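**Student:** Below are the chains, spelled out letter by letter.
Number of protein chains: 2
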Amino acid sequence: MEPDAQRISERIERPSLSDIVCSRLEQMILSREIQPGKRINESKLSKVLGVSRAPIREACRQLEKLWMVEVIPRRGTFVREIEAEEVEDLYDLRAILDEYAGRKAASKIRKKDLSLLREHLSDMESATSQNDPGNYFRANLAFHQTIFDIAGNKSLPMIYEGITKRAALFRKSSLSIPGRLAVSLQQHKEIFEALSARDAAKTAELMKGHVMNAKQAIINSLDQP
Amino acid sequence: MEPDAQRISERIERPSLSDIVCSRLEQMILSREIQPGKRINESKLSKVLGVSRAPIREACRQLEKLWMVEVIPRRGTFVREIEAEEVEDLYDLRAILDEYAGRKAASKIRKKDLSLLREHLSDMESATSQNDPGNYFRANLAFHQTIFDIAGNKSLPMIYEGITKRAALFRKSSLSIPGRLAVSLQQHKEIFEALSARDAAKTAELMKGHVMNAKQAIINSLDQP
DNA sequence: AAAAAATAAACTGTCGACAGTCAGCTATCG
DNA sequence: CGATAGCTGACTGTCGACAGTTTATTTTTT
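Chains as they are written, first to last, in the working numbering: chain A, 399 to 623; chain B, 399 to 623.
Hints are supplied without guarantee of correctness; some may be wrong.
Chain copies aren't distinguished; within one or between two, either way the pair holds.
DSS-like mimics (lysine-lysine), calculated; alpha carbons at most 27 Å apart, straight line [stated by the list, open to error]: (1) Lys570 / Lys552; (2) Lys552 / Lys509; (3) Lys436 / Lys463; (4) Lys563 / Lys436; (5) Lys613 / Lys587; (6) Lys436 / Lys552; (7) Lys506 / Lys552; (8) Lys552 / Lys606; (9) Lys613 / Lys570.
What the hints contain is simulated information worked out from the structure, not anything from laboratory work.
Only a predicted model underlies this, so the values are computations on that prediction, with no experimental measurement involved.
The task is simple: from the sequences and hints, build the whole structure.
**Tutor:** Here's what the structure looks like:
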């Protein structure tokens, strides 16, 4: 019997073909194997991957949900392009969402939440000392998502995922800028402190500042590439 | 020749079968012909509508993008349920997005923007005097979307659409509460004034207050139904 | 009679095929 | 020589069918 029919989504399940194609496509897009603006050729790709067109189409729709591609009726599926200007927009949105999440999380946080955050923080710490942007990025994402969980706004994670995936299309991440990891780490430590102190205003301010800081770092790095 | 290959999305095009199925489905969901939590039976629906399953699936994926349904692998597509608690979450998100948009729009607004807003305002005015929530809703949406346009954050409208469609699943809208139309109209007039004065702080505050006010109205109406 | 197992029915995932549409090329016309 | 119209190849939209799962039903077991 189903103990909780509402929460069916979270069960173990092997991925369907569409899911496999989806991650494969995401990978191809992020690695620029398929370049921005280019069309995803369904029939060609289906031959390459050895599957029919149905899972390919399914995967494209999934990626559209994440704003990574744009499906144009009767024309095809195109990898989205992203301009510096739009990256700034996305960072602005991240800033206000993080600010909100920080404020809400600070007033709700519990001991076990703090220990989970501390784990992510230590992951970020070791990634920083090994100068490993990839792992830092993951731990960083986990840190922020944990704060969302604590904040408890159920709709926030979905929105945020779209924003981050879309921003990932941009060739440059703030974390790939030399010296950024250390700065970012320090900011997360401060956020952690503010959360421990249950200081909502301070947490909100730090979260916002953190994102706006990353935004500025990107803008600066573009001016002098 | 294509004058602007980037902006292909906006061209005249007759709807595909999937599009028709999609709006039909949306309608069925909002009218509760298919109830929240229920599965959308692809094969059954394909017989009813006289099309194959492919357009049906396509439409479901489209609705998933708008958070109106949840697609669970190998189980089917389910109409999303929405609790009062989540409606509050959605209003919170609308509040911070509107606040942000208001601040940004106030610093960028031009004369022709103001006249467009004035038009929407007068639409809302006549809808109010005729006590027509449907038309009021549309004019209201147009008003807010115009502010987004002025703010110029390209990603904002997409996010906002998801939030509003999702909130529409809830049986009650703040605008359906007796007396709300007049209150809402007054608030929009104040927002318009603040925008005219290019007062960013004031506009932001009013926008946020307006949404939070609507949220509170819903909460109150639920306590005493 | 309640729980578990086995069976049957229904449904989704995937496939290959065909038709209508679109992009690019060639030939025609001014 | 440039622009337009018609043609051609390629691709997406849609279809019906089949296979593997999931759900509902029936049978068996305790």
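**Student:** Please go over all the hints and tell whether each is borne out by the structure.
**Tutor:** To see whether the hints hold, each was checked on the structure:
Only between protomers do Lys570 and Lys552 lie at most 27 Å apart by alpha-carbon distance; the minimum there is 19 Å, versus 30 Å within a single protomer. Within a single copy, Lys552 and Lys509 get their C-alpha atoms as close as 21 Å, which meets the 27 Å cut-off; across copies the closest is 39 Å, which misses it. For the identical chains of this complex, Lys436 and Lys463 are neighbours both inside a copy (18 Å) and across copies (22 Å), given an alpha-carbon limit of 27 Å. Proximity of Lys563 to Lys436 under the C-alpha cut-off of 27 Å is restricted to the intra-copy arrangement: shortest distance 18 Å within a copy versus 30 Å between copies.
In this assembly of identical chains, Lys613 and Lys587 lie within 27 Å of each other by CA distance solely inside one copy; the values are 19 Å within and 34 Å between copies. In the homo-oligomer, the alpha carbons of Lys436 and Lys552 lie at most 27 Å apart only across protomers (21 Å), although the nearest pairing inside one protomer, at 34 Å, exceeds that limit. When the C-alpha separation of Lys506 and Lys552 is checked against a cutoff of 27 Å, the pair qualifies only within one copy, where the shortest distance is 15 Å, while the shortest distance between copies is 33 Å. For the identical chains of this complex, Lys552 and Lys606 are neighbours both inside a copy (20 Å) and across copies (20 Å), given an alpha-carbon limit of 27 Å.
Taking CA atoms no more than 27 Å apart as the test, Lys613 paired with Lys570 passes inside one copy only; the shortest distance there is 11 Å, against 39 Å between copies.
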